[in-house]
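Now for the letters of each chain:
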Amino acid sequence: MASIKEYNRKLASLKNTVKITKTMKMVSASKLKRAQDKQNSAKDYAREVNNLIFRIAGAVDQSVHPLLEPKPEVKRVLLLAFTSDKGLCGGFNNNLIKHLRREIASLEAEGKVVSLSHCGRRGHAAFVKTGMVKKNYPDVTASPLSRDASEIAGELVESFVGDEFDEVHLVYNHFQSALAQTPSTAQVLPLSLGDVAQYDADAEQASADDFIAEPEMGALLSTLIPKLVVFKIFYALLENSAGEHGARMTAMDAATGNASSMIDEYTLLRNRARQAAITTELIEIIAGAEAI
Amino acid sequence: MADFSLTIVTPEGRVFEGEAESVSAVGIVGSLGVLANHAPMICALKEGAVTVRGNETLHYAASEGTLEVRPDKTVVLLLDYAHPCDSAEEASRKAQELIDIL
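Line by line, the protein sequences give chains W and R.
Using my numbering, read the first sequence as starting at 1 and increasing by one per residue.
Using my numbering, read the second sequence as starting at 1001 and increasing by one per residue.
These are calculated hints, taken from the structure and not from any lab test.
Values in this document were obtained by computation on a predicted structure and should not be read as measured data.
A virtual CB, placed ideally from N, CA and C, is assigned to each residue, including glycine.
Be aware that a few hints might be false.
[Claimed, not checked] Some chain R residues judged to face chain W by a derived CB distance under 7 Å, without partners named:
id, residue
1, V1009
2, P1011
3, F1016
4, E1017
5, V1026
6, V1029
7, G1033
8, L1035
9, M1041
10, I1042
11, G1054
12, D1080
Hey, can you work out the whole structure from these sequences and the hints?
Have a look at this one:
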């Protein structure tokens, strides 16, 4: 049996651990709240853009935009993976990396060439040795900015239009709740208007005569469509960050619980050890007294 | 001067929401200003300073976006990014830096 001193040392370190995990949990909870608020603001923006596109789309005949047009043959696929920069968030990153490996395997089974780009250090670190990584975007996941998103989107659009890739997919953790994040894949290029054009029911399609348009409507539409790509990436960044904080909160809650139950266990053992020491001491004293 | 309701929306949230006397921005074809009761219009914007005049004058360094005057005379600016600034000069300088970054 360990000595009382050893138990005390262990208990002190456990108590410190609980302090840290508890604080991390609270920090994550407040960051999660902020990330969710951001998600709502972003949804607000997306609704406005979709409404606008819907209104304009009625005024022009929808000539095919290069970002909407599927390539005749899909050979080269780029996957943009979102992970967190920091660890200590349970299975958040590992689940995504596993999902990503499965995606790569199934795409390669179809005879496609897969390249990877990464937002987030964890994902990049897992794949950096495979030689598939095209680009890593550092320091974009901690606090998502639309500026970063538009930079990434610009590069993706360039490589898609420049015929470097035939399809671009986003691989990210879909944020269901603080407890559940599911790794999922979403196609971003070629863009399909079907799943983004969720407009308000009261939005009316405008005709060209109703509006002064500068530049003309067709050109206007083609400046708006890339915004949807920016938005999709920004939203994935936001979901990733909300998921990260949610996962960390859950993980830290579990860690606090585990450490607390260990504290209980060790307190019991320490008390037992103390009692044993006292008993031995008493026996010694009594034995000594009897000898006299 | 008459006021109109103005909203500036970015993916990071609503930057401005309220009444304004005028708003000026840099359009693709050139600078433009909008006063109350403007005819319905949709206009693409370049990176540049956005100035809102009303009870107080506000400056923003803004990225690309669109300016829309709706049939109900409300004005909506959709911007990729908008950063509040103290003066018009600072706003245009910051917007210029934005172009250099991207």
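Outcome of the hint check:
1. V1009: Given a least distance of 5 Å, the restraint on V1009(R) holds.
2. P1011: holds (4 Å)
3. F1016: violated (13 Å)
4. E1017: Since the shortest Cβ distance to chain W is 11 Å, the answer is violated.
5. V1026: Constraint on V1026(R) not satisfied, violated at 12 Å.
6. V1029: V1029(R) check passes; min Cβ-Cβ to chain W is 6 Å, inside 7 Å.
7. G1033: Since chain W brings no Cβ nearer than about 13 Å to G1033(R), farther than 7 Å, the hint is violated.
8. L1035: violated (14 Å)
9. M1041: holds (4 Å)
10. I1042: holds (5 Å)
11. G1054: At 21 Å from the nearest chain W Cβ, G1054(R) fails the 7 Å test, so the hint is violated.
12. D1080: holds (5 Å)
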